[in-house]
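What follows is each chain in one-letter form.
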Amino acid sequence: MTRSAKRSGQVPEVAVKPGRHREATLYHALAGAGAGNGRTLEQLREAALKSFETTELPIWRRSGFWTTSLQSLDLDALETAPMPSEPGTVPEVVTRTLPDRPHAGRIVQSAGSVVHAALDPALAERGVILCSLQEAFQDHRELAERWYSKRLTVDRNKLEAANAAFWTGGAFLHVPAGVVVEDPFEIVYAIDGPGVAQYARTLVIGGKTSEFRVHEYDLAEDFPEGQSLHAGAFECYLEDGARCRLAQLQDWGRGEVYDCSTRFVGVGRDAYCHWLPSLLGGHLVRQHLELAVSEPGGDMAFRGLFFTEADEHLDAFAVDLHETGPSGGDVHWRGAATGESRASFEGLIQIDPGAQQTHTYLQIHTMMLSPKARLDAIPSVLVSADDVSASHGGTVGELDEAAIFYMQSRGLDRPAAVRLLVEGFFEPVLAQLNDEPLEDLIRTKLAAKLASAREDIETYATSR
Amino acid sequence: MADLEIRDLHVRIEEREILRGVDLDVSRGEVHALMGPNGSGKSTLANTLLGHPSYEITEGSITFKGEDITAAEPHERAHAGLFLAFQYPVSIPGVSVANFLRMAINAKRDEPIQVKEFRTQLQHAIELLDVDRSFTSRHLNDGFSGGEKKRAEILQMAMLAPDVAILDETDSGLDIDALRTVAEGVQRLHDEQGLGALIITHYQRILHYVKPEFVHILMDGRIVLQGGVELVERLEREGYDQIRQEVGASA
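Those sequence lines, one after another, are chains A and B. If you use the working numbering, the first sequence corresponds to residues 1 to 464, in order. If you use the working numbering, the second sequence corresponds to residues 1 to 251, in order.
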């Protein structure tokens, strides 16, 4: 497979063998003909609309048992520009979930509208902008247009096209050159019931040598019937020497929420990004997560965790892309599955031609907690440069009975031992958030999920 | 009546009978040594006493402080005051030594232990085991050397203050300095807290530091000889084969 074939958008020919449907073999970097670079917002909306009208809901077929299909989604039944059930108010799921802690600013979108936006006035004075993306296109058009959809495509699938064509509200954050912010900016997308198609659009720009944190929350109220969709597009660009810590907490609750999203982070010259998504549930979640070092000296740490339960389906594709060297990368994901859930994680290291002196490592660790759950973890490495180091490792595990007995012998009962073991399993990633309120929130959520899966875990453990 | 009473204990693992009628009494304040060649059933006894699910008791009983615990859950035995120092301590990634200890202590209390009280106890244990303070913030046994693992076992024992502890080949894989520290720790817990100990060992060397009052020799799933510390010396002199011939002949 040659690089030019991939850039021109042809599907490269590969031999028919297990794994031919791997994302890695079909992967195209998000740049290229479909990306927005150079086109206006209006042109992009028009191109996206065309693509939306001529494509079907996507299906991803993978090796083995794996298929991710969005075709059970009844798109016609959803509102394209949905109003929150209570306009202008922050949904309860947000107020009850977000930790009470200092933050630099917060923007909340419910359904299709931004219902809350607040920024520390001292930061506004220093030129920081936090507002809806719609507003950014009115008030800061030149800045927004320069970066908008720079590396995101608008036509790879129907839902990506729908996002680019129909998005409303959205979030825009610009931290100007040299500004250092300690507390996180919080970006929240909430779905407060069925019938919602939320086309979420986030654009984050870190100016030269800026330093800041972004915490994104994707939350939904539990609802017993009906469907909702979150089709998200997130892009973050870090200019020379910027340092950013991005975290995401996604938990769509127990309603039938579909999430089909693309996230891209571009790391500029000597810039650094620490990115940690935690995908904690949703009826069907499909994520394309891409962290690219685009200029020399860029460095990144790409961490993540996932937990699926009940009949949830998760399909995550995470790319560690090195477009130039020297550059550094370190990818470390951990996930567990309970109930009858299915989780597939594919991680790809791609080192482009000329990205010499790149050093990166990918590890994926997974833990099966139920006889009916299925879990797939696939690492891939595609290297087109010769002076690099890139490798991968990982484990697929089950509950370690020896460890459980050990803890029991010290006085913990079995459920406590199991909980500690699973929590401990996530800890090497979780602790790297380096943010206690968010870490504690995720720990609490994991503990609740474990408690509700307790019977299932026990059956599995004693059946072996 | 002894604190720990083992009566006619028969234990199977995967259809193989390993223990074939063991009788043993251990009380608080007593130090016992259980010796035997490889495969005699020493570790089986240790694991069975704490209720390991893979070991099936087919006959006999275990009584602890007057309660029949033959079928009790492992954590119930721990709460009752039994402790097992593992031959191969398991690593628990993501859980620090200090946090684990706090959870283990709280598991058998109604009210959580006060921070200050916990710290004082921990400090005492740290000094006893001659470990660095940072030791307790490391993940339990994760990346520990053999000696650190054994120290961590005795540290936990000191914190949990059991009535009777079973030490399963705690001396294996230790250099002489670590062995001395660990053994002295056990001796002090015995002297200061009245710990009762069942020291399981293949060799004699730990018994140079912790003096047993009672010595039992296990062979082929039965205790074939019992005596005092002189038995250790005899074993050192004659070896297991000699004893096997003797008891085999008398059986």
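If you are wondering where the hints come from, they were derived from the structure by calculation, not from laboratory data. Idealized CB from N, CA, C, for every residue including glycine. Incorrect hints may have been included.
[Unchecked claim] Listed next, with one range per pair, are the computed distances between beta-carbon atoms:
| no. | chain 1 | residue 1 | chain 2 | residue 2 | range |
| --- | --- | --- | --- | --- | --- |
| 1 | B | GLN123 | A | GLY127 | 50 to 56 Å |
| 2 | A | SER452 | B | ILE113 | 26 to 32 Å |
| 3 | A | ILE59 | B | THR70 | 56 to 62 Å |
[As the list claims (entries may be wrong)] Quick look at which bits of chain B chain A covers, simulated, 3 or more residues with Cβ under 8 Å:
| no. | segment |
| --- | --- |
| 4 | 14-21 |
| 5 | 92-98 |
| 6 | 241-247 |
* Taking each numbered hint in turn, which are not upheld by the structure, reported in ascending numerical order? -> 4 and 6
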